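Knowing the structure of chain B, use the given hints to seat chains L and W on it.
Quick mapping for you: the protein sequence lines, in order, are chains B, L and W. Residue 327 in our numbering sits at position 327 of the first sequence; the count goes up by one each step and never skips. Residue 77 in our numbering sits at position 77 of the second sequence; the count goes up by one each step and never skips. Residue 277 in our numbering sits at position 277 of the third sequence; the count goes up by one each step and never skips.
Calculated directly from the structure, the hints in this document are not laboratory data. All the given hints hold, so there is nothing to weed out.
To give an idea of the interface, some chain W residues facing chain L are shown, with a C-beta separation under 7 Å as derived from the structure:
#1 Leu16
#2 Val27
#3 Met118
#4 Ser127
#5 Ile130
#6 Ala134
Not everything, but these chain L residues come out facing chain W in the computed CB check (under 7 Å):
#7 Pro22
#8 Ile112
#9 Ala123
#10 Asp200
In silico SDA-like pairs for lysine to any residue, Cα to Cα no more than 20 Å straight-line:
#11 Lys262/L with Gln156/B
#12 Lys148/B with Gln261/L
#13 Lys262/L with Pro149/B
Only a predicted model underlies this, so the values are computations on that prediction, with no experimental measurement involved. Here a beta-carbon is modelled for each residue, glycine too, at the ideal position from N, C-alpha and C.
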Amino acid sequence: MTKPSQPAVFAPWDDPKETPLISFENVSKRFGALTVIDKINLNIYSREFFALLGPSGCGKTTLMRMLAGFEDASDGTIRIDGQDMAGIPANKRAVNMMFQSYALFPHLSVANNLAFGLKRSDMPKSEIQGRVDEMLRLVQLGKYADRKPHQLSGGQRQRVALARALAKAPKLLLLDEPLGALDKKLRQETQFELMDIQEKTGTTFVIVTHDQEEAMTVASRIAVMDEGRLVQVDTADRIYETPNSVYVADFIGDVNIIEGAVDSTEGEHATLRWSEGAAPIRAMASDGISNGSKAAFVIRPEKVAISVEEPKDRHNRVQGSVEDIAYLGNRSTYFVRLPDGSLIKSQVANNRRIKQRLITWEDSVWLSWSDTAGAILPN
Amino acid sequence: MRKFTWFNAVSLTFGFVFLYIPMVILIFYSFNASKLVTVWAGFSTRWYGELINNQAFLDAAWVTLKVGFISSTIATILGTMAAFVLVRSGRFFGRTLFSGMIYAPLVMPEVITGLSLLLLFIAIGLDRGVTTIVLAHATFSMCYVSVVVSSRMATFDESLEDAAYDLGCTGWDAFRSVTLPIIMPAVIAGWLLAFTLSLDDLVIASFTAGPSSTTLPIKIYSSVRLGVSPEINALSTIMIAIVTFGVLSVSIYSKRVIERQKREEQLANS
Amino acid sequence: MNISKRLLIAVPYLWLLVLFLIPFLIVFKISLSDYAVSIPPYAPTLDLSKGWAAFSELWSGLDAENYWFLTEDDLYWKAYLSSLKIAIISTFLTLLVGFPMAYAMANAPDEWRPSLMMLVILPFWTSFLIRVYAWMGILSNEGLLNQFLMWIGVISDPLVILNTNAAVYIGIVYTYLPFMILPIYATLEKLDHSLLEAAQDLGCTRSSAFWAVTLPLAKPGIIAGCFLVFIPTLGEFVIPSLLGGSKTLMIGKVLWEEFFSNRDWTVASAVAIILLLILIIPIVLFQRNEQKQREAGQ
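Next comes chain B alone, as it looks inside the complex (with noise of 0.2 Å):
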């Protein structure tokens, strides 16, 4: 995974003395009976790519629609520049939208859109013209100034949607699911682009997306949602290594999960007792979790070792049998069944052309894991 080309230094999210650019302070929406945002706190700060992650329904776009204005908080205040937004509408916020259908007006050209906000603010009509330009330069689209949004391809639309919420400068940036109309590749690509600009323009920018790798391509700080509350709210590599809680190691990546109780805590470390007669497994010890409480632990399969001789020099290891093998070229991973009968998933890296397998199916084999490789979590 990439991260942000940003400054080593970039985390306002670690400094005290920061003053956020919006905070969120014990905000709750209910829609009728139903609570969608529940009592939420989050800062986030100037000049962050912050992404909202979550399956749909948890929540994520109504946040990002109190932010542009479309709905008030029930309860709570939401600050933006240290103002309590609470009644202003969205046309008075220095607050624009990246809609996830583009909503590009059919009936205007291009360079209309762009100049849709800028005729509805206080730019003089001289400089209109000047700032359209400026944008249609930023997303490469020059050429297309006087097209009608439907004789534009996916990814120009895309851009024109990106440009035109750009325009009028604003101090904060709502993406909702900006790149999900596009193909793949084309995502990608996208997602490059978007960065940039956010560098080039300074401008905070808010995301929401269901797609993990999207947000841990662009994003700064990730926050985890579900069911309208706030899971884990971090950078993407402490969310993927050390998650808070079984919900976000098994959101984010692949990951095996072995149920258990807590057997002994000591110090950063931990034991799980997992199956009768079988070693309890040592691992990295998170909060919230006490001598015989219920706990899992959780592994990625690429931190699992396999192998045919027994690693006698590692305190976790398990025999089983190979149960089915998935090449996928780059990698492969190996499904392998121990003897409680749970399945658990070892990745290999293929670095070397190999013309026939060491281990095939129904293989016995040992899985390995150093005694950091894994995080035991409350479950």
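Okay, now just chains L and W, sitting in the frame of chain B:
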């Protein structure tokens, strides 16, 4: 593999002959020199000449057009508003009654609509004339307009309006510069439908018209009740010609627009 | 809700209340009044100068006498029944003519369809009155149909068609045909053709596939088309008045004559109310059919 059988061909041929032959005959006999409508006595444009000099018909035509323009414009404004209420307003007090009143006139027999409006005008002491016909026509055709416009509204992407607000529009500005231009084809179609309904209406106009406000359908009805008249044939021919020309040009134009749009979309994606 | 939104609801709402609902209530009120030789020709009238007493006076003056009158005079009974009969028969005839046309349109090559659609819709925009009138010249005793039939020697004396129920049927089928064709065509056009191939693959012949697959799937369109013809036909006035004879009894015509010729507003109002009550049943059934189709479409 859909197969177009001989049976299909026969039913279409007979069906369209049935649909069009009465009109063809009507047009043909409008050029008949004889006063006896069913006896061909040579080609003549005599009845057209008499029609143009018939002041009563011209007056009625003028009243009809006036009523049509005013009533369909009122109906379009009210019907578009009603469509917005139906599609956008969610729940409000009396919504069921409101949608009932929109749909009921579509199935209400004209004799009842006409009768009830006439009784209202008498009860409030409004003299019957152009005004009463306009009120009556606007009322029943606004319901047709709202059905046409609301079916377009149902497929309207509401994020377009959100985008307009987001870019600084007030409610009215968003309607004027985004919503209205996009639903315009449906609004125009609604206006045309309302106009046609108004031009065509005999029954409601008969109830609500006064002695000085005879419309063309009333005039036609009173002159054909007792039999066929060559002047009416000529008038019908003119009306058929106008409608055919109008409908054909609108449909050819919209077909061209759609085709151009399709071509451009293909070009953009290639 | 802000002021502009309230205004948006209030304007069409008030318009419809004043020009649709209140007139209808007036009809209902007059249907309960008594005929009087006065202007307006009914009693009692609401005299607001008497204040609240006027309402109680009005209330005591209302009764269902006109409705009893409708049951006693068999003219009205017969008119309702004959309207129903004519509406049912002509709906069936329209279906017989319309279905094969819709079916043929659905089977026609793609490039023909817009033009065929146009041909069906065009008469709909043409004046209703003129389309009915066109048949007067054809169906009369010395009209073109009789001339033609006598010329080919099928008959020797002219058939009397104009001013009979037969002419009314022809007129209804002719004018309402597009209403039957369009909904049926809409369902047939959507029909997935691989269903018919599947039926034939499973052993149907072409004709049994039609009865087992096409027809059941076209049912919602057929029902919609039938109601679209049946409902307006029931209250029809122009067709029976121009093409029908003195023996053609249709309730729309009776109402018209009661009002304009007899000037009996109270009975005309009662006739209207009963007609509406009769219409409610097919309208509700039609709504249900539409609802079901919408749900199936989702």
